[in-house]
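Q: Protein chains in written order, with this note's numbering: chain A, 83 to 470; chain B, 83 to 470.
Treat the hints as calculated values from the structure; they're not laboratory data.
Careful, some of the hints might be misleading.
Intra- or inter-copy, both count: the list cannot distinguish identical chains.
[Stated by the list, open to error] No more than 20 Å apart at the CA atoms, straight line, and that leaves these computed lysine-lysine pairs for PhoX-like:
#  : residue 1 : residue 2
1  : Lys182    : Lys93
2  : Lys125    : Lys466
3  : Lys108    : Lys182
4  : Lys252    : Lys439
5  : Lys84     : Lys122
6  : Lys182    : Lys172
7  : Lys179    : Lys108
8  : Lys309    : Lys367
9  : Lys365    : Lys391
10 : Lys179    : Lys385
11 : Lys210    : Lys125
2 protein chains.
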Amino acid sequence: MKITNIIEETKSISSNIKNAYIDFSKMTISLVAVCSDVIKNGKPVIGYGFNSNGRYGQGHLIRERFRPRLLEALPKDIINEDGTNFDPHKMWNIMMKNEKPGGHGERSVAVGTIDMAIWDLISKIEEKPLYQVLAERYGNSIPNRNVFVYAAGGYYWPDQGLQGLTDEIKKYLDLGYSVVKKKIGGASLSEDLKRIEAILKILGPNDQLAVDANGRFDLETAISYGKALSDYNLFWYEEPGDPLDFELHKELSQHYLGSIATGENLFSVQDARNLIRYAGMRKEKDWLQFDCALSYGLVEYLKIIEMLKKYDWDTSRCIPHGGHQMSLAIAAGLGLGGNESYPDLFQPYGGFPDGVKVENSYIKLPEINGIGFEGKSDLFSIMKMMTD
Amino acid sequence: MKITNIIEETKSISSNIKNAYIDFSKMTISLVAVCSDVIKNGKPVIGYGFNSNGRYGQGHLIRERFRPRLLEALPKDIINEDGTNFDPHKMWNIMMKNEKPGGHGERSVAVGTIDMAIWDLISKIEEKPLYQVLAERYGNSIPNRNVFVYAAGGYYWPDQGLQGLTDEIKKYLDLGYSVVKKKIGGASLSEDLKRIEAILKILGPNDQLAVDANGRFDLETAISYGKALSDYNLFWYEEPGDPLDFELHKELSQHYLGSIATGENLFSVQDARNLIRYAGMRKEKDWLQFDCALSYGLVEYLKIIEMLKKYDWDTSRCIPHGGHQMSLAIAAGLGLGGNESYPDLFQPYGGFPDGVKVENSYIKLPEINGIGFEGKSDLFSIMKMMTD
Numbered sequence: 083m084k085i086t087n088i089i090e091e092t093k094s095i096s097s098n099i100k101n102a103y104i105d106f107s108k109m110t111i112s113l114v115a116v117c118s119d120v121i122k123n124g125k126p127v128i129g130y131g132f133n134s135n136g137r138y139g140q141g142h143l144i145r146e147r148f149r150p151r152l153l154e155a156l157p158k159d160i161i162n163e164d165g166t167n168f169d170p171h172k173m174w175n176i177m178m179k180n181e182k183p184g185g186h187g188e189r190s191v192a193v194g195t196i197d198m199a200i201w202d203l204i205s206k207i208e209e210k211p212l213y214q215v216l217a218e219r220y221g222n223s224i225p226n227r228n229v230f231v232y233a234a235g236g237y238y239w240p241d242q243g244l245q246g247l248t249d250e251i252k253k254y255l256d257l258g259y260s261v262v263k264k265k266i267g268g269a270s271l272s273e274d275l276k277r278i279e280a281i282l283k284i285l286g287p288n289d290q291l292a293v294d295a296n297g298r299f300d301l302e303t304a305i306s307y308g309k310a311l312s313d314y315n316l317f318w319y320e321e322p323g324d325p326l327d328f329e330l331h332k333e334l335s336q337h338y339l340g341s342i343a344t345g346e347n348l349f350s351v352q353d354a355r356n357l358i359r360y361a362g363m364r365k366e367k368d369w370l371q372f373d374c375a376l377s378y379g380l381v382e383y384l385k386i387i388e389m390l391k392k393y394d395w396d397t398s399r400c401i402p403h404g405g406h407q408m409s410l411a412i413a414a415g416l417g418l419g420g421n422e423s424y425p426d427l428f429q430p431y432g433g434f435p436d437g438v439k440v441e442n443s444y445i446k447l448p449e450i451n452g453i454g455f456e457g458k459s460d461l462f463s464i465m466k467m468m469t470d
Numbered sequence: 083m084k085i086t087n088i089i090e091e092t093k094s095i096s097s098n099i100k101n102a103y104i105d106f107s108k109m110t111i112s113l114v115a116v117c118s119d120v121i122k123n124g125k126p127v128i129g130y131g132f133n134s135n136g137r138y139g140q141g142h143l144i145r146e147r148f149r150p151r152l153l154e155a156l157p158k159d160i161i162n163e164d165g166t167n168f169d170p171h172k173m174w175n176i177m178m179k180n181e182k183p184g185g186h187g188e189r190s191v192a193v194g195t196i197d198m199a200i201w202d203l204i205s206k207i208e209e210k211p212l213y214q215v216l217a218e219r220y221g222n223s224i225p226n227r228n229v230f231v232y233a234a235g236g237y238y239w240p241d242q243g244l245q246g247l248t249d250e251i252k253k254y255l256d257l258g259y260s261v262v263k264k265k266i267g268g269a270s271l272s273e274d275l276k277r278i279e280a281i282l283k284i285l286g287p288n289d290q291l292a293v294d295a296n297g298r299f300d301l302e303t304a305i306s307y308g309k310a311l312s313d314y315n316l317f318w319y320e321e322p323g324d325p326l327d328f329e330l331h332k333e334l335s336q337h338y339l340g341s342i343a344t345g346e347n348l349f350s351v352q353d354a355r356n357l358i359r360y361a362g363m364r365k366e367k368d369w370l371q372f373d374c375a376l377s378y379g380l381v382e383y384l385k386i387i388e389m390l391k392k393y394d395w396d397t398s399r400c401i402p403h404g405g406h407q408m409s410l411a412i413a414a415g416l417g418l419g420g421n422e423s424y425p426d427l428f429q430p431y432g433g434f435p436d437g438v439k440v441e442n443s444y445i446k447l448p449e450i451n452g453i454g455f456e457g458k459s460d461l462f463s464i465m466k467m468m469t470d
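Working from the sequences, and respecting the hints, build out all of it.
A: Given below as structure tokens:
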């Protein structure tokens with residue numbers, strides 16, 4: 083049993099939108115295939131992965147450091163004890179050989195992308211959905227296939243206007259979402275409040291709005307927004323300040339009593355632990371958004387879950403960033419609180435297998451071996467092209 | 083006035099050594115030239131830079147993201163108000179456009195490397211040594227050209243033995259160093275203590291030893307070492323635990339009363355600030371080792387200095403990692419406590435201009451425009467090859 087090849091292609095996910103921090107016109111992602119010599123149904127089993135939006139593709143780091151380490155590894159260093167499957171933890175250790183501690187960015191994306199493909203591969207070899215494998219190995223053995231999802235949108239785009247914004251949100255409600263998210267901080271506070279109120283007017287009694295500042299605010303601005311936002315019953319107030327300014331988050335939580343969400347720009351268990359240690363996050367109401375595809379993959383995410391348990395946090399407080407099926411599988415297998423979803427953006431990478439419907443902001447995951455990419459035809463056609 | 087080209091070459095700095103975390107057999111660095119159309123002595127002025135050891139070269143990130151942004155920038159966005167020189171702060175902002183907050187690794191090296199070349203360029207355009215430019219712009223206008231340096235070595239290498247180790251250290255003492263550093267944590271505690279005691283026997287009454295664990299220890303091991311090391315009067319105990327485990331550092335400082343040094347694996351002002359906020363570092367005895375070449379360059383380092391001042395830390399507590407002339411210039415210009423030096427390693431990149439002698443662990447910087455690379459013939463011959 084061996085890895086025969088690791089293929090990477092850097093793809094554009096350029097788009098006309100921007101959030102408070104970046105515009106997406108030059109954004110890229112890495113699409114990865116990890117090819118094995120294990121034969122199922124007459125064909126070698128291949129696992130696929132990609133990184134989520136917001137950080138760039140990492141083709142060169144993959145080719146320079148992580149791919150060669152895996153391809154040069156001895157079989158005993160990447161295969162489990164019984165020799166029945168690859169061992170993602172061993173493979174992770176191989177990838178991280180000769181990497182110094184600290185400095186968790188970029189390479190965390192490269193490793194996270196390959197790690198996703200490895201988990202897709204091993205659950206296909208086990209001939210089970212990944213959520214089933216995870217529930218059996220690390221959970222209570224029964225996955226919960228009903229997963230909460232919310233619609234992330236409400237970016238700023240040219241010539242949008244309030245009508246353009248509410249038309250977009252209305253579309254999400256019509257798709258079956260009852261929680262929708264919009265960006266803040268790309269306009270003045272007063273203009274942002276107008277945008278928020280325009281949306282609140284079209285929400286039904288069971289719908290809720292979340293807002294996302296993408297880490298843009300200093301403490302003063304974060305508190306000003308916090309005070310203004312306290313008038314609304316928001317689902318959450320996301321990433322108010324710099325992701326590493328734990329003091330800002332702690333101080334803000336003294337002024338904003340609603341839920342705060344953050345963590346998408348913390349890419350290691352060490353950084354996640356510092357958030358829990360120092361940021362005054364409240365385990366009964368706040369949300370953790372660590373995204374395995376950007377942060378060394380599920381092997382690291384399992385360490386984050388262990389860490390959270392030590393600090394008495396429940397995994398149901400985790401709703402990852404990124405909107406990919408990998409986090410859906412983790413949510414179903416390990417009892418996360420749900421997953422982000424971008425109904426309009428970053429396609430065909432995000433989203434659900436074909437035919438999956440959103441109802442009251444929940445979906446039910448179908449039974450597809452692996453992560454489920456084969457069930458999403460627009461995505462899988464691109465993946466397949468890479469390996470055919 | 084414009085930037086005509088940015089050239090990068092990835093170079094091997096492979097070597098037979100290892101520290102507690104990595105071996106250097108596949109280590110690379112990026113060498114960068116930033117070329118301008120400013121003519122001095124009949125030739126276009128060129129600035130050079132490179133990243134220091136321990137993190138990998140970043141040629142691809144430079145070529146994919148940071149080089150094109152600088153080359154596509156409008157002149158007004160990279161030149162100072164009077165139009166007399168490039169503006170490194172503006173250039174930094176251009177490089178960091180469309181980069182999300184958090185995730186400070188790899189790209190921090192790419193930007194730090196280019197930033198070094200930019201400061202070399204602007205001080206050559208000003209026809210002054212960089213330390214003079216820095217003292218005038220950000221310091222008390224008079225540089226202190228006498229800079230403390232210590233010899234970093236004492237790595238583990240095959241067939242070394244105590245004799246090989248003490249021979250190496252003796253060479254550093256003979257070169258004029260009175261502070262020398264060895265690695266710990268690559269052997270058992272008892273073996274490490276034997277190595278330390280072998281060195282202490284050959285040190286003179288005014289010499290001191292520092293030890294460096296390269297972030298390897300968990301809390302228990304860090305404390306065990308700390309207790310054992312308390313018997314010696316060490317210069318410092320460096321990077322005992324994971325660079326982001328501030329709680330470990332804080333707890334250790336309750337058990338180890340000697341000086342602790344850390345910071346080489348924190349690559350942003352946000353991470354540096356968290357060290358100051360949370361790690362229990364003692365401003366009267368501990369040392370900060372942030373290395374601009376790995377952490378977004380001097381523009382970011384100036385922000386770190388501002389941050390330190392807010393927390394009432396003196397810049398004399400900073401002795402950067404890396405052993406490059408850029409940190410020597412910053413030390414002389416802005417009053418840092420000194421700089422690392424690798425007499426035997428990572429050549430020709432580290433070290434001093436030709437003819438500079440170490441006396442009692444101090445050197446005197448010569449008057450060379452820019453960072454001083456032109457004064458180091460083995461290094462400059464490589465740089466020149468890249469641009470000729």
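Q: All the hints need checking, so say for each whether the structure fits it.
A: Verification of the supplied hints:
| no. | hint | result |
| --- | --- | --- |
| 1 | Lys182 - Lys93 | between (29 Å within a copy, 19 Å between copies) |
| 2 | Lys125 - Lys466 | within (13 Å within a copy, 53 Å between copies) |
| 3 | Lys108 - Lys182 | between (30 Å within a copy, 13 Å between copies) |
| 4 | Lys252 - Lys439 | within (16 Å within a copy, 73 Å between copies) |
| 5 | Lys84 - Lys122 | within (14 Å within a copy, 59 Å between copies) |
| 6 | Lys182 - Lys172 | within (18 Å within a copy, 31 Å between copies) |
| 7 | Lys179 - Lys108 | between (31 Å within a copy, 11 Å between copies) |
| 8 | Lys309 - Lys367 | within (18 Å within a copy, 42 Å between copies) |
| 9 | Lys365 - Lys391 | within (11 Å within a copy, 34 Å between copies) |
| 10 | Lys179 - Lys385 | within (18 Å within a copy, 32 Å between copies) |
| 11 | Lys210 - Lys125 | within (17 Å within a copy, 66 Å between copies) |
Violated hints: none; the structure is consistent with every hint.
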